[in-house]
Amino acid sequence: MTFEQIVFYFFSGVLVLAAVVVVTVRNPVKAALALVLAFFSAAGLWILLEAEFLAIVLVLVYVGAVMVLFLFVVMMLDINIAELREGFGDYLPIGGIVAALMVVEMAIILGPRRFGLAKVPVPQAHGATFSNTRMLGDLLYTTYVYPFEIAAAILLVAIIAAIALTMRRRPETKYQNPAEQVRVQRSDRLRIIRMPSEKKG
Amino acid sequence: MQEVCLAIPLACLAGAVVSGLFGWKIGRVASHLVTILGVAVAFVLSVSVVLPWTVTGHTFNGSVYTWLTAGRLSLPVGFLIDPLSALMMTVVTFVSLMVHIYSIGYMRDDPGYQRFFSYISLFTFAMLMLVMANNFLQLFFGWEAVGLVSYLLIGFWHTKESAIYASLKAFLVNRVGDFGFVLGIAAIYTHFGSLDYATVFTMAPAKAASMVHMVPGTSWHLMTLICLLLFVGAMGKSAQMPLHVWLPDSMEGPTPISALIHAATMVTAGIFMVARMSPLFELSPAARSVVLVIGALTGLLMAFVAVVQNDIKRVIAYSTLSQLGYMTAALGVSAYAASIFHLVTHAFFKALLFLSAGSVIVAMHHEQDVRRMGGLRRYMPVTFICTWVGSLALAGIPPFSGFFSKDMILDAVHSAHITGAPFAYWVLTAAVFVTALYTFRMLFLVFYGEPRMDKHTREHLHESPWVITVPLVLLAIPAAVAGMLLIKPLLFGHFFGNSIVVSPGDNVLSEIGRRYHGVGPFILNAFRSPPIYLAAAGIASAWYLYIRAPRLPDIISRRFHGLYTVLTNKYGFDEFNDFVFAGGARALGRALWMVGDVQIIDGLMVGGTARLVGWVSARMRRLQSGFIYHYAFAIIAGLFLLMTFFLHV
Amino acid sequence: MNFMPALPLIFLFGSTCAILLIGLYVGERRTSVVYVLSQVALITTVALVIRDAQAAPIVALHGMFVRDRLADLLDIAICLLVVAVFVYSRRYLSDRDMYRTEYFVLALFGVVGMMVINSAAHFLSLYLGLELMALSLYAMVAFQRDSARATEAAMKYFVLGALASGMLLYGMSMLYGVTGSLSIAKVASTISAMPPGNIVLVFGLVFVIVGLLFKIGAVPFHMWIPDVYDGAPTVVTLYIGTAPKVAALALILRLLVGGLQALSPSWREMLVIAAFLSMGVGNVVAISQTNLKRMLAYSAIAHMGFALLGLAAGGREGYADALFYLLIYSVMSLGAFGLVALLSGPGREIEYIDDLKGLSQRNPWIAFLMLLLMFAMAGVPPTAGFYAKLAVIQAAVDAHLIWLAVAAVLFSVVGAYYYLRVVKVMYFDAPEDDRPFVLPLDGKFLFGLNGLSMLLLTPWIGTIIAFCHSAIQGLP
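Chains as they are written, first to last, in numbering that gives the first Met the number 0: chain B, 0 to 200; chain A, 0 to 648; chain F, 0 to 475.
Source of the hints: derived by calculation from the structure; they are not laboratory data.
Be aware that one or more of the hints could be misleading.
[As the list claims (entries may be wrong)] Listing some non-contacts, in silico: residues in chain A with all C-beta distances to chain B over 10 Å: (1) 107; (2) 513; (3) 558; (4) 605; (5) 638.
[What the hints assert, rightly or not] Examples of chain B residues lying across from chain F (beta carbon under 7 Å, computed): (6) 145; (7) 146; (8) 158; (9) 159; (10) 163.
Quick reminder that beta carbons are idealized off the backbone N, C-alpha and C, glycines included.
Work the whole structure out from these sequences, hints included.
This is how it looks when you write it as structure tokens:
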């Protein structure tokens, strides 16, 4: 077994374990952390595939931004764990059986018989000067510019959706409007009332 | 020519559609104008274009539209325009035009005015499609369409119980005839492989001797079978015994309808059809004998019934039955031309009589019982004279049209050698006397003697408006003179050309033609044979019984009570039908309904299936639990099953 | 790089972005500007599509984009459907404080996504178009954010949609693994050059099919449909029930017919199963629904079963019949949901079938149009719905799927029950309240056109089918 294989099986094993923990662990914070672990392992696998840029982006974006945000949300919301997990045991046997059977089927089909080295040749390793990032950039802005633009549109939609669904003006929220403040007139603030002078009694 | 042929029926259809669909919007006057315009166009085109064209020896036979093609069967809409159809078109459109105009006056106060005009135009369209057809399917279409409009018009006053009953009866009895007709067409298609007239007629002689085995052990002449089946259809439509029962009841419809449909045109469709099928009927003497005997019997027996009827329209209706019997008998002896000749003259004088009767009925405020009329000649001179013309024509008095055609039929039957001809001749000759008797009985009772109506009606008696009298006069003219003018060309000329085929051995008309030397000698010749004296005797008896000695009929009816009862019950056909057919069918229907429908179909199959589906539905609905993990599991399970099913490793 | 073939798409995308910005400036009170601009943008897009309509397919943008008859036809259909959806939804939105720029922008982005699917020549553009459409739909379902039902529906739709997308993507990755390409044309040529019976291909196909059937809403991947249709605001249901169905068919045609034609024996069998189950479950369960939107949802499932029948029959005839069926269905569905949206006035929500009680006495013309639509859905001749059913059943018979054709006829008889029940409720039941239904003039006019089209299209059925045929001919 070469060193690469050892690294591969290590990361793969951690990835699968972490994924199992994500769905089985009771505490959502722990699940989120397990997911972080899974992302790290996946990033490790990608490095092994010489996809360094993708691996780093995975760590930066998912682990650095998405998961941290997610953790904040999970910790801020007080989620009733017991309610979430209600019925888990009831569905475990049948769900487990189906899952196991599917894994078996997939393993039979996707096993080395069809994806072994005899079928799929080892990808050629690139030299040290090869820049995966540059390669990606070249492709992304030439051949794949159309999907890239659509992806941008998807993100735009996501932003619009997020704003449209969450931003609302609550009457109880206090906020300042600088434009209004600057435009203020004397008449808005000051009212002069004519009063009869008091007579001395 | 094709354009003209299309224009004629379509003009009528357009009128019907406009007044039927938009009548409520365009109003009464516009409705009758548009329908009259349509029919007038059809009439003018028929008489000025189609008729001269065919007389000069042209015929048109072609398809204008292919309606359907199924396998090797092609069902086109096509026209066969030859002298026979041209003559029919002229008669149909002429009478229809007269009836249209007449209806303006007759239907004036009816709430269903537009509907009425739409129906009669639609009828004209259907009738034209029938006579112009060049194939059996279109013939059948026209056949059914006129039947439908007839049904609608008999039940025109659909709030009247008796009208509904009558329309239903007409429809059901015609079903029986149509059943035979359809079987006949089916037999033709089975054995000839085509529904086109020309093809079938060309192939027919080759099949003259072929036999078919209907029931094991029996064999039939194919031609006899086909002709008899077709004739069953003609019996229904042309009201021959025993399928005549619907026609008297059809008088429940408005009088113009009785004139147009139940006297002049639709009921003659059967006659026309047999004449059209002459190439087939000529091949089967046996079928023609049946036709002859049934026609002759209808001619006499229905005339007897007419004598005892008191409803003015029913008298004329039974008279129509009797006259149709004459036409049918003429068909039986291969005198197709004489039959069509009688059809034409009958159309004129019978429409005239009906419309005159209608004029009387309007004047009498819809009183139809002749016993409550009398002395009308002073109040309604035009109607009176027109009725005289019509009656003389019907009774067969020279030189009115009916004389020529009826005498011709009698002559033809007399000269024929076919089985049953001598019997038919005596029966029909006897009917001449009865015809004159009932015709003049009606005339005398209505127009002569003391007025028997109530005072109120009597004060309001007056002649009908011009829209009613003008058609009467216009019909009276051909009723008087058509016989003289048409006898030579129709019977002894070559008017019909190839449209009617008569085998040389049976051609009685050409035999008679050799003795024919013009109208004058023909009339003189008639004085040497009994019919004319019988007619005169009939008129004299009517005069004696109903003017000279008005009490005598009562005495006679009491003396011959049994016979009188038989006649007033119209030989019991209605009772028999009601009890055996209608009752039997109802009993069978009830049995099928209770056991087959309610229990098996409704209870077990329909209800059971519905309950099963409802039950399954309610169960399956529960699967939609609303829990997302159930849904996700369904997706995964679906994926799993698909995988397992399709991946045979 | 030639951008011209993609001009309609680019135009719509650009104008959607512009509308988003304009909407910010005009403010919430003048959303009508946004409404008008959206309609103008869609109609201009249609005009642009028609202007450059070409018979021969053009592949552009590095083989990611294809412009052919099919794409043109579907683009036009989708844009026009959405125009109609906007007309129907205008008053509903303004009555419910939902008349906001975001609704229109999200709907337009959805259309952009659908147009990307229609023109996809590459797995990537196909998938991204799908996601663009789906994301817009998720957001629109949740648009009524104070409604718990809508939020729940959006949640379900999102989670299940993500699951299905994942499966689709997994299937695509399998196909990529075997063929080494993501270009649909290359995948097709590689597969047809390979010996038949490659198990990995079928394996990928199963996942792809699951994703596709989810999107079109076929049994057993239909569970989201009733909940989403019912939970979403009616105008969003109206949107989801029409244009995305057309796009889903485009997805199937591009992927299965365009790319995996060589595997058609396998996927046709899968579609046979899905068609049978969809027709059965859809029609049978619809019977026990009292909620109008849920009933129409199950009816949608059943109709998708009929459309799949045409696809399962296979052959260009079958695909064209399925396309024809779906186009007719989208018009029927537009009318039925459109009526629900139109009748739901301020403070009144049409939810249950019983809410239509006595409609014929209050609005006889509207009731008559609805009757036409229901007859068309039930497949009563001579409505267009009948010809659509006839076409797919004919296709099934021609493909020797006699048992399936018989089942289709039986299920459509079952289906007639609940469509006719709507008619019965409208015509024979007494109204429960006598508040009149006041319909906006534009919506009323369009609904009239929509309902009557079921009859008026009849003489042109042949032409439309011929159009569908020529669209299918363009596929490789």
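Do the hints match the structure? See the list:
1. Interface exclusion of residue 107 (chain A) from chain B stands, the closest Cβ pair being 72 Å apart, more than 10 Å.
2. The claim that residue 513 (chain A) is not at the interface with chain B holds, since no C-beta of that chain comes within 10 Å of its own (minimum 100 Å).
3. At the 10 Å boundary, the C-beta of residue 558 (chain A) stays outside the reach of chain B, the nearest C-beta of that chain being 101 Å off.
4. Listed as a non-interface residue, residue 605 (chain A) keeps its Cβ farther than 10 Å from every Cβ of chain B; the least gap is roughly 39 Å.
5. At roughly 8 Å, the least C-beta separation between residue 638 (chain A) and chain B is not larger than 10 Å, which violates its mark as non-interface.
6. The closest approach between the C-beta of residue 145 (chain B) and any C-beta of chain F is roughly 4 Å, which is under the 7 Å cut-off, so the hint is satisfied.
7. Here the hint on residue 146 (chain B) is kept, as its CB sits about 4 Å from the closest CB of chain F, short of 7 Å.
8. Interface restraint check for residue 158 (chain B): the shortest CB-CB distance to chain F comes to about 10 Å, outside 7 Å, so the restraint is violated.
9. The interface hint given for residue 159 (chain B) holds, since its Cβ lies 6 Å from the closest Cβ of chain F, which is under the 7 Å cut-off.
10. Nearest Cβ of chain F to the Cβ of residue 163 (chain B): about 4 Å, under the 7 Å cut. The hint holds.
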